[in-house]
Amino acid sequence: MTIRKKTRNTSLAKRSWQKFIQNRMAILGLIGLVLIIAACLAAPLLTNYDPTLIDPSIRGLSPSREHLLGTDRLGRDIFARILYGGRWSIMIGVIAAMGANLLGAALGCIAGYYGGKVDSVLVSIQEMLSIFPGTLINMLCIGFMGKSVRNLLLIFTFTGWPGVMRIVRGRILSLKQEPYVESCRANGIGGMSIMFHHLLPNTLGPIIVNSTMNVAGYILSEAALSYLGLGVPDNVPTWGNIINAAKRLDIVQTLPMLWLAPAAAICLFVLSINFFGDGLRDALDPSSK
Amino acid sequence: MAEQREKLLSIRHLTMEYQPNRRLFEAKKPSVKAVSDVSLDIYAGETFGVVGESGCGKTTLGKCIVRLLKPTAGELFFNDGGEMKDLLRLDKKTSFALRQKIQIVFQDPYASLNPVHTIQEAFDEPMRVHGIGGGSREKRTEIIANALTRVNLQPDYMYRYPHEFSGGQRQRICVAKALVMEPRLIICDEPVSALDVSIQAQLLNLMRKLQRETGVTFFFIAHDLSVVQYMSDRIAVMYLGHVVELADAGDLYARPLHPYTQALLSAVPVPVLQAKKERIVLKGDVPSPMDPPTGCPFHPRCANCMEKCKTEKPELHEVEAGHFVACHLYQQHT
Amino acid sequence: MQENDHILRVQDLKTDFKVGRRTVHAVNGVTFDVRRGKTLCIVGESGCGKSVTAHSIMQLLPPNGTIAGGTISYYTRDGACEILSNYKRSGPRMRAIRGKEISMIFQDPMSTLNPVYTVGSQIMEMLKKHEKVSKAEGKARIIRLLGELGIPNPEIRYDQYPHEFSGGMKQRIMIAIAMICNPTLLIADEPTTALDVTIQAQILDLIRKMQESYGTSVILITHNMGIVVEIADDVAVMYMGRIVEFGSVQQIFSHPVHPYTRALMRSVPVLGMNKDQELAVIEGTTPDASTVFTGCEFAERCECARPECFHRFPKDTEIEAGHRVRCLLYEEGGEENG
Chain A
1 MTIRKKTRNT SLAKRSWQKF IQNRMAILGL IGLVLIIAAC LAAPLLTNYD PTLIDPSIRG
61 LSPSREHLLG TDRLGRDIFA RILYGGRWSI MIGVIAAMGA NLLGAALGCI AGYYGGKVDS
121 VLVSIQEMLS IFPGTLINML CIGFMGKSVR NLLLIFTFTG WPGVMRIVRG RILSLKQEPY
181 VESCRANGIG GMSIMFHHLL PNTLGPIIVN STMNVAGYIL SEAALSYLGL GVPDNVPTWG
241 NIINAAKRLD IVQTLPMLWL APAAAICLFV LSINFFGDGL RDALDPSSK
Chain B
1 MAEQREKLLS IRHLTMEYQP NRRLFEAKKP SVKAVSDVSL DIYAGETFGV VGESGCGKTT
61 LGKCIVRLLK PTAGELFFND GGEMKDLLRL DKKTSFALRQ KIQIVFQDPY ASLNPVHTIQ
121 EAFDEPMRVH GIGGGSREKR TEIIANALTR VNLQPDYMYR YPHEFSGGQR QRICVAKALV
181 MEPRLIICDE PVSALDVSIQ AQLLNLMRKL QRETGVTFFF IAHDLSVVQY MSDRIAVMYL
241 GHVVELADAG DLYARPLHPY TQALLSAVPV PVLQAKKERI VLKGDVPSPM DPPTGCPFHP
301 RCANCMEKCK TEKPELHEVE AGHFVACHLY QQHT
Chain C
1 MQENDHILRV QDLKTDFKVG RRTVHAVNGV TFDVRRGKTL CIVGESGCGK SVTAHSIMQL
61 LPPNGTIAGG TISYYTRDGA CEILSNYKRS GPRMRAIRGK EISMIFQDPM STLNPVYTVG
121 SQIMEMLKKH EKVSKAEGKA RIIRLLGELG IPNPEIRYDQ YPHEFSGGMK QRIMIAIAMI
181 CNPTLLIADE PTTALDVTIQ AQILDLIRKM QESYGTSVIL ITHNMGIVVE IADDVAVMYM
241 GRIVEFGSVQ QIFSHPVHPY TRALMRSVPV LGMNKDQELA VIEGTTPDAS TVFTGCEFAE
301 RCECARPECF HRFPKDTEIE AGHRVRCLLY EEGGEENG
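Protein chains in written order, with the numbering used here: chain A, 1 to 289; chain B, 1 to 334; chain C, 1 to 338.
Treat the hints as calculated values from the structure; they're not laboratory data.
List time: in silico DSSO-like cross-link candidates among lysine-lysine, alpha-carbon distance up to 30 Å:
1) B:Lys92 to A:Lys117
2) C:Lys209 to C:Lys132
3) A:Lys176 to B:Lys92
4) B:Lys29 to A:Lys176
5) A:Lys117 to B:Lys29
6) B:Lys33 to A:Lys176
7) B:Lys93 to A:Lys117
8) C:Lys275 to B:Lys101
9) A:Lys176 to B:Lys101
10) C:Lys275 to B:Lys209
11) C:Lys139 to B:Lys283
12) A:Lys19 to C:Lys18
Could you build all of it, start to finish, from the sequences and the hints given here?
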């Protein structure tokens, strides 16, 4: 008897993809994301300027053919800074979101599956973290640890997990009652396998959706912190840091491109990722058809 | 007759009490006795049926046997190669090894298979941890293919996901999943009640065929008396956590002794003309298990209730050969 | 037959559902009558269209469902004929009929009662909507009905909330809501499926009792052949959106003719059945609802299927007075599929 492995891919991922491509806003979001990320990655091809090179001879220029968006007070090309800054901003957003969601998912799994004391302790910590305003915690931590990209990522990860932990814990609590989980337990299959092989994949949908939303959130947080001067070091061009240069009122008025352009970049990116995330949520929701 | 047969499972004074979750500063809530002091013997190769209405503890009993729940008291002796071992007091290794021998099939075929795993993945893991097929993946795949063939499905279905199957097919897959573990006992917890009538027959016939072929023992839990009566050799009737009657299937149908069994039998609608019989319609509802009646659990709804029933709980005893009943009406005859 | 004998006449009813871009014919040309004061049982498996038929009569279809054809005529007490299928689904005429003339009870009593209102006020709401009664008068009437429905201490129960009732009691409350305006037709959609057998027996008794004392006609939808024998006068067996056999309960049970009806009866274990007897199996599974057929819907699972069954639609054939079957085996000269 020969058994042919089916070539037709009928997995859940394919069904979800078919649902996703029927959602126009989501596709728009996806295109926006791809364009922005591609432009940032291809920065050296799109501009010849060095985003960190200070050239006093061209300070505060208006947009022109040589400098598409003009230059800032130190003579750096704003267009180049936005492209290269996007690399940093998006990287910070993505890594922080991945870190926070991985940590949150693992803790949520453990809390939901084991219940009891472990659960109580984790939920208490989660609640305490959620009570404090996020920005305040981030500012305090940066104050203690010092400004650096690495510290910022660590702080985002360790303060960002409660949201996803709550989602995963809730899902696990209801999923662990399912007969297929009971069937595993009746066969003596271990807790680790049940948690990470049987339960976690079933919560992947909400986790992915939450992660995409988090990417947007962290880009905004980074921008806010950098604007306050508490984000990444000054020599790293991120979207937030570019706006930081536009703190003084006279600059806001004389060099509008300095804050308008990065703000527009942030808006576009966050909007795209939110549309994308909304589409993903609908596509991955097994109850919607 | 029963003496010669090999005992497979001996349930002794099994009691399962649920302690409601108590939050901080909350008053203590009363515990719920889902199963109280149940003793049953299940013989190898038979189909043992358990009937009762919702909340009678039949599912809890099944879950205690597969050790999904830890009973509050009592013993569960399982025949492991001639030696009766108490499943609740075993060392870790034997306890784990014996899990292979007792499998369970659940009611809801849509929730019994993990939607993210293919059939093969779902089958493979328990086989791997219990060393079935000698640790060879190819051998295991072959066993899975065989099992699927035996439940009248094509072997290459193993690479599909559960959502591609209908309810009846899924339930057959669940039966196959239990079979690959080479069990001695399969707990079937309402295996057909979620299925359409025309599909039920397919599964019931299949289960009977598999039992003839493998000699596996079924512990068949259902609320539908007609199905239990058709499938089982012996039947235990449960009410509010107690076994009130235990008899051969034919005997139970022909001469039910306990007033509850009589009412239950008469309440089942029979799809035959002129079958309209005198029906005993029970008053009221099943009492809450949080606040069970004193004495006989059935006395508030019983037409033959005596003074004694209100205070004294009747014990299950043998009225005729193989026919046990827990009722004061039959106490005098012994 | 006289018009007056009938309370409801459904002719060639077609109900479609839009699922994505496809159209599913959930009910596909169903014709039947409900006799005054009698009980019609619609039997069939899940997805056969029995519930959709009931919801079409009440015009309680979900937004993606529409009545695509056929007429539903309802004859009031004074003999007037109302064509329900012409009314707007939430128009004033339909609203006046729903609950007052035709009312419905559903399968799951747990989720059809609103947990934040007392049961008394939920019954009162129904009564006030259709009749002008004073509060005291209404309350007295409700309490009397609750008593008739076998609810102990109706005065106290009137002011209690749904969570204080057991499943069987909740279904009684649902019957009270349905019966308070004394409707002429009661549609019960699997009223006992969620209940235990002993409670099921109580509820069936109750429906029969209410029917006797108020002369209500009943459409009862079920999948359980046993219930049909107990309560039905007429029986309609449905499969894939069509009535395959229709007749009185005696006709259907003493000599069922359609292979599906026959198989359905032999595939369930009957209490007291000989255990050596194998159950009859209907092979395969119910086809997907969106399947397009070129012949008899049941042909591929039918043990009597002949080649022509696969490419010709059977017509309704009356084999004796009131006994109709939709099967080529009983048909002389069916029409060719165009």
